[in-house]
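What follows is each chain in one-letter form.
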Amino acid sequence: MTRTLRLTFAIVAAVTLAGALLYTSFAGSAEARQPSQMTNAEAGRDYRLTGIVVTGTVKRKGDALLFRVRDRKGGASVPVDYTGQVPDAFREGREVIVTVQKEGETFTGKPDSLITKCPSKFDDGKSKPGEQQMEWRDGSDKVVEGK
Amino acid sequence: MDLLGRGLLVLALIVAVYGAVASLIGARRLKVAADGGPDATAFGALGGHGSAWVRSGRRAIYLVAVMTTVTFVLVEIIFIRTDLRFDVVASHSSTTTPLGYRMAAPWSSQEGSLLLWVWLLSLWSSLVVRLAGRRMADVVPWAQAVLLGLAAFFLFLSVFYSSPFRLSDTVPLEGEGLSPLLQYPSMMIHPPMLYSGYTLFAVPFAFAVGALAAGHVGSDWIRHTRRYALGAWLLLGIGIVLGSRWSYAELGWGGYWGWDAVENASLMPWIIGTAFIHSVMIQEKRGMLRTWNVSLILATGILCILGTFIVRSGIISSIHAFGSSTVGWQFLTLLAVMTGGSIALVTWRRGMLRSEHRIDSLLSREAIFLAGNVVLVLLVLVILWGTFFPLLTDVLTGEQRPWASSTWGWWVGPLALALVGLMGLGPLAAWRKTTRAQAWRQMRGPLAVGVLVLVAGTLLGGGGRVDVALALLFGGFVIGAVLQELQRGVRARRISTGEAFPIALPRLIGRNRRRYGGYLVHAGFAVLVLAVAASSAFKDTHRVHAKVGQEMKVGGYTLRYEGAIGDYRLKDQRIQKLIIGAKVGVFRGGKRVETIRPTREFFPSQNPADGPVGRFFNGEAATEVALDAGLTRDLWVAMQPDGDALVDVYSALDKKLKGTTAPFARGAELALGFVRLYAQRPAPVTFQVIVSPLVSWIWLGTLVMAFGALLAMWPAPDLQARRVRAKQKARIARDLGLAREQAS
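Taken in sequence, the protein lines are chains A and B.
Anchor point for the first sequence: position 56 equals 56 in the numbering used here, and the numbering is continuous, going up by one each time.
Anchor point for the second sequence: position 462 equals 462 in the numbering used here, and the numbering is continuous, going up by one each time.
In short, the hints are calculated from the structure, not lab data.
From the three backbone atoms N, C-alpha and C, an ideal C-beta is built for every residue, glycine too.
There could be a bad hint or two in this list.
To spell it out: a stretch of chain B is covered by chain A in this simulated footprint if at least three of its residues, at any positions, have a beta carbon under 8 Å from a beta carbon of chain A; those stretches are [as the list claims (entries may be wrong)]:
{"no.": "1", "segment": "242 to 254"}
{"no.": "2", "segment": "400 to 410"}
{"no.": "3", "segment": "446 to 458"}
{"no.": "4", "segment": "619 to 625"}
Straight-line alpha carbon distances no greater than 30 Å define the calculated DSSO-like cross-link-like pairs of lysine-lysine that follow [said to hold, decoys possible]:
{"no.": "5", "chain 1": "B", "residue 1": "Lys571", "chain 2": "B", "residue 2": "Lys658"}
{"no.": "6", "chain 1": "B", "residue 1": "Lys583", "chain 2": "B", "residue 2": "Lys553"}
{"no.": "7", "chain 1": "B", "residue 1": "Lys553", "chain 2": "A", "residue 2": "Lys61"}
{"no.": "8", "chain 1": "A", "residue 1": "Lys61", "chain 2": "B", "residue 2": "Lys658"}
{"no.": "9", "chain 1": "B", "residue 1": "Lys571", "chain 2": "B", "residue 2": "Lys727"}
{"no.": "10", "chain 1": "B", "residue 1": "Lys655", "chain 2": "A", "residue 2": "Lys61"}
{"no.": "11", "chain 1": "B", "residue 1": "Lys727", "chain 2": "A", "residue 2": "Lys59"}
{"no.": "12", "chain 1": "A", "residue 1": "Lys61", "chain 2": "A", "residue 2": "Lys73"}
{"no.": "13", "chain 1": "B", "residue 1": "Lys433", "chain 2": "B", "residue 2": "Lys547"}
{"no.": "14", "chain 1": "B", "residue 1": "Lys658", "chain 2": "B", "residue 2": "Lys433"}
{"no.": "15", "chain 1": "B", "residue 1": "Lys656", "chain 2": "A", "residue 2": "Lys59"}
{"no.": "16", "chain 1": "B", "residue 1": "Lys433", "chain 2": "A", "residue 2": "Lys110"}
{"no.": "17", "chain 1": "B", "residue 1": "Lys433", "chain 2": "B", "residue 2": "Lys285"}
{"no.": "18", "chain 1": "B", "residue 1": "Lys583", "chain 2": "A", "residue 2": "Lys59"}
{"no.": "19", "chain 1": "A", "residue 1": "Lys73", "chain 2": "A", "residue 2": "Lys110"}
{"no.": "20", "chain 1": "A", "residue 1": "Lys61", "chain 2": "A", "residue 2": "Lys110"}
{"no.": "21", "chain 1": "A", "residue 1": "Lys61", "chain 2": "A", "residue 2": "Lys102"}
{"no.": "22", "chain 1": "B", "residue 1": "Lys571", "chain 2": "B", "residue 2": "Lys539"}
{"no.": "23", "chain 1": "A", "residue 1": "Lys61", "chain 2": "B", "residue 2": "Lys656"}
{"no.": "24", "chain 1": "B", "residue 1": "Lys571", "chain 2": "B", "residue 2": "Lys31"}
{"no.": "25", "chain 1": "A", "residue 1": "Lys110", "chain 2": "B", "residue 2": "Lys547"}
{"no.": "26", "chain 1": "B", "residue 1": "Lys539", "chain 2": "A", "residue 2": "Lys61"}
{"no.": "27", "chain 1": "A", "residue 1": "Lys59", "chain 2": "B", "residue 2": "Lys433"}
{"no.": "28", "chain 1": "B", "residue 1": "Lys31", "chain 2": "B", "residue 2": "Lys433"}
{"no.": "29", "chain 1": "B", "residue 1": "Lys583", "chain 2": "B", "residue 2": "Lys571"}
{"no.": "30", "chain 1": "B", "residue 1": "Lys656", "chain 2": "B", "residue 2": "Lys591"}
{"no.": "31", "chain 1": "A", "residue 1": "Lys102", "chain 2": "A", "residue 2": "Lys73"}
{"no.": "32", "chain 1": "A", "residue 1": "Lys73", "chain 2": "A", "residue 2": "Lys59"}
{"no.": "33", "chain 1": "B", "residue 1": "Lys591", "chain 2": "B", "residue 2": "Lys553"}
{"no.": "34", "chain 1": "A", "residue 1": "Lys102", "chain 2": "A", "residue 2": "Lys59"}
{"no.": "35", "chain 1": "A", "residue 1": "Lys110", "chain 2": "B", "residue 2": "Lys583"}
{"no.": "36", "chain 1": "B", "residue 1": "Lys571", "chain 2": "B", "residue 2": "Lys655"}
{"no.": "37", "chain 1": "A", "residue 1": "Lys61", "chain 2": "B", "residue 2": "Lys547"}
{"no.": "38", "chain 1": "B", "residue 1": "Lys583", "chain 2": "B", "residue 2": "Lys547"}
{"no.": "39", "chain 1": "B", "residue 1": "Lys547", "chain 2": "A", "residue 2": "Lys59"}
{"no.": "40", "chain 1": "A", "residue 1": "Lys110", "chain 2": "B", "residue 2": "Lys31"}
Here chain A stands alone, though its shape is the one from the complex (with noise of 0.2 Å):
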């Protein structure tokens, strides 16, 4: 094989992988969604939804988990009602990818597609403990056993 003829084959090897890398990274990914984005969603439809979990909106019915999901800069959230595999990373505030469909005004989640981000990572070293100081310790959180 000459020197030309390897070259123009790995090139050729070369274009033909990324063209199918990059086919396949558009038809095997789907588009995630923030709820800003959600606005014109169609029900029926599967959508991956992603942000933040809305503080004080976490609520458990029997199996299924409701919540609401917010823009990663905050402003529009919505609801979601979801059952199934609920990993233990999830937390209000945490950021969370979930297929969905609408139905209604509701989000309804798929079973066991509930993504959460790992909890030991993305750590910026910015959270401020402390910034509630505990009115609750008074020593009196104490418990003797038995009592």
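Got chain A sorted already, so can you dock chain B onto it with the hints?
What follows is chain B alone, placed relative to chain A:
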């Protein structure tokens, strides 16, 4: 304490910068001296340990190691004492965090993990320059400069952007605690393992830069850093698997790999490191692939920094998170310098990096190694692209488009299978050239083992999936190839020495540790790929909502919810956690196999607005999976109590406590009473039950790989004597060649 810590960090930074500059000056003077320039006297002052500047740079490495060690001990002390004056302690630990986890809490924070990085780097750097001694005197100064430069970067971050000794404006009464999800034994050592791998890879990276800078691009730097590269590969691999195991047993979703950006970040340098470890053999044997090898190790070093950047900047989570990161731009700058510098060095030295030989045949060991290398590099390119694709679409369209898990499988599956196939072929092929007839003779035995494994696997229920069938065939082929090589080696040894099999086998392995250690790694990897294919293809998952007394049938088992568990743990008379769980009887064929107890642990929130009783259920929660692991299958059970039942009770109790005196003290007692009562009058729960085959073989395969890597790293007892003999033989051969040339 804070002043001492800050002072040490600043001093370490100054020393690291000085050491890097001193090493560069020393390297430059040595180069001038070696070239016979005006500063040739500096070369005379070498004294066998390098010029005064180089020696000074070396001492700077030792000093940085001492100072970062003391700093790290100080950080450990403030965590062990739960000194809440420090921000890092208040936000990552608490008085109720158990001692072991308090000691591991530093590396759950950005400040602690950056310090861990530089501490480990300084230790490895000290070790490598100490062991380098008089060898590679032209390369070591450059390597010193690179290692100290990296240390200076991390120290710079620790001093100016992410100090573990930053004091809180207001000292809280209690810390936020270590995330309960991280309170898991393997998570205590997972980050140090990963960081050990990253920092150890910095050693061959630095020596590669040194070799290029000094123009000493032969195989010396490879031989000198081979064990460091292997050690890095081993530790990074162990770290990755520990993370997987944690994900499987603790995170409550039942998977061991999710193609999360953070997982990919550690996998990429490991894969490129794997390619490097293999392709350097071709350079050592045949003087080929110099550009490729140096590029691979430079890429590995860059990917290690990229991995830390991905985890610490949050860039993949969102482009906006990058803007709010305290260390994002700094890492990006370092990556740009490393990438630009690497490209410039390789381009500059391209003439020196030309191969001595070419590949003679596609049916040769070097061709198969190279093909394996290409597959590994493709794997990394795919993972890199898939990891950054959501970010790319975010920048271009404002929308993130993360890859679906099927897309990952579509790309990674075939590449991993091709790799396993090549792993089987590699050891069977000869260097330079193998004829087709020889290749067939070598392959037929292992191929028969592959077919046997395929048939056995299909009969045992592994049929119906092409990917699993190929994993069985190729996995069996690799194991067959390893067994065949062992059998041939033992036979040859027995013929030449007359030793019995039990003596010949360990002696054969002992004298060829690198070779047989490598084969063992191959066998372990084949087992791992097989187990991954089978466990993902035949996973049986069920969700069941059940009351006490109800039964569910999953994967040939009957599970009966027999009773509830309500428990708690106290520490210093404070509630550390409340535990709600289920007692589940596992039956097979009507007989009780065992009783398992999946639970959910609730850690108190620090927010008084959650209510005196409610705060014990509104904090972090962690699933404690009941895992019955076996050689053929794993039974994985997680439970979640009905939320509304809990909310109804604690809301009612909180309402009752409104307006009473010391509601929080009573709240704690009521919470304990509540869990006790729950055990007697439980609410329905939701069970997640997964039965998946061969998961245990993933961990066993990893153990085999780790053992193989250790074996390959371990120096042979008579290594020095063999080196001397080899040198003598080479000299005689050269003299004979010269004599023949003269005679002709």
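Each hint tested on the structure:
no., hint, result
1, 242 to 254, "holds (count 5)"
2, 400 to 410, "holds (count 8)"
3, 446 to 458, "violated (count 0)"
4, 619 to 625, "holds (count 4)"
5, B:Lys571 x B:Lys658, "holds (27 Å)"
6, B:Lys583 x B:Lys553, "holds (16 Å)"
7, B:Lys553 x A:Lys61, "holds (25 Å)"
8, A:Lys61 x B:Lys658, "holds (25 Å)"
9, B:Lys571 x B:Lys727, "violated (65 Å)"
10, B:Lys655 x A:Lys61, "holds (20 Å)"
11, B:Lys727 x A:Lys59, "violated (75 Å)"
12, A:Lys61 x A:Lys73, "holds (28 Å)"
13, B:Lys433 x B:Lys547, "violated (68 Å)"
14, B:Lys658 x B:Lys433, "violated (85 Å)"
15, B:Lys656 x A:Lys59, "holds (21 Å)"
16, B:Lys433 x A:Lys110, "violated (56 Å)"
17, B:Lys433 x B:Lys285, "holds (14 Å)"
18, B:Lys583 x A:Lys59, "holds (26 Å)"
19, A:Lys73 x A:Lys110, "holds (25 Å)"
20, A:Lys61 x A:Lys110, "holds (16 Å)"
21, A:Lys61 x A:Lys102, "holds (19 Å)"
22, B:Lys571 x B:Lys539, "violated (40 Å)"
23, A:Lys61 x B:Lys656, "holds (22 Å)"
24, B:Lys571 x B:Lys31, "violated (63 Å)"
25, A:Lys110 x B:Lys547, "holds (24 Å)"
26, B:Lys539 x A:Lys61, "holds (29 Å)"
27, A:Lys59 x B:Lys433, "violated (68 Å)"
28, B:Lys31 x B:Lys433, "violated (41 Å)"
29, B:Lys583 x B:Lys571, "holds (25 Å)"
30, B:Lys656 x B:Lys591, "violated (47 Å)"
31, A:Lys102 x A:Lys73, "holds (23 Å)"
32, A:Lys73 x A:Lys59, "holds (23 Å)"
33, B:Lys591 x B:Lys553, "holds (14 Å)"
34, A:Lys102 x A:Lys59, "holds (19 Å)"
35, A:Lys110 x B:Lys583, "holds (29 Å)"
36, B:Lys571 x B:Lys655, "holds (27 Å)"
37, A:Lys61 x B:Lys547, "holds (16 Å)"
38, B:Lys583 x B:Lys547, "holds (12 Å)"
39, B:Lys547 x A:Lys59, "holds (21 Å)"
40, A:Lys110 x B:Lys31, "violated (66 Å)"
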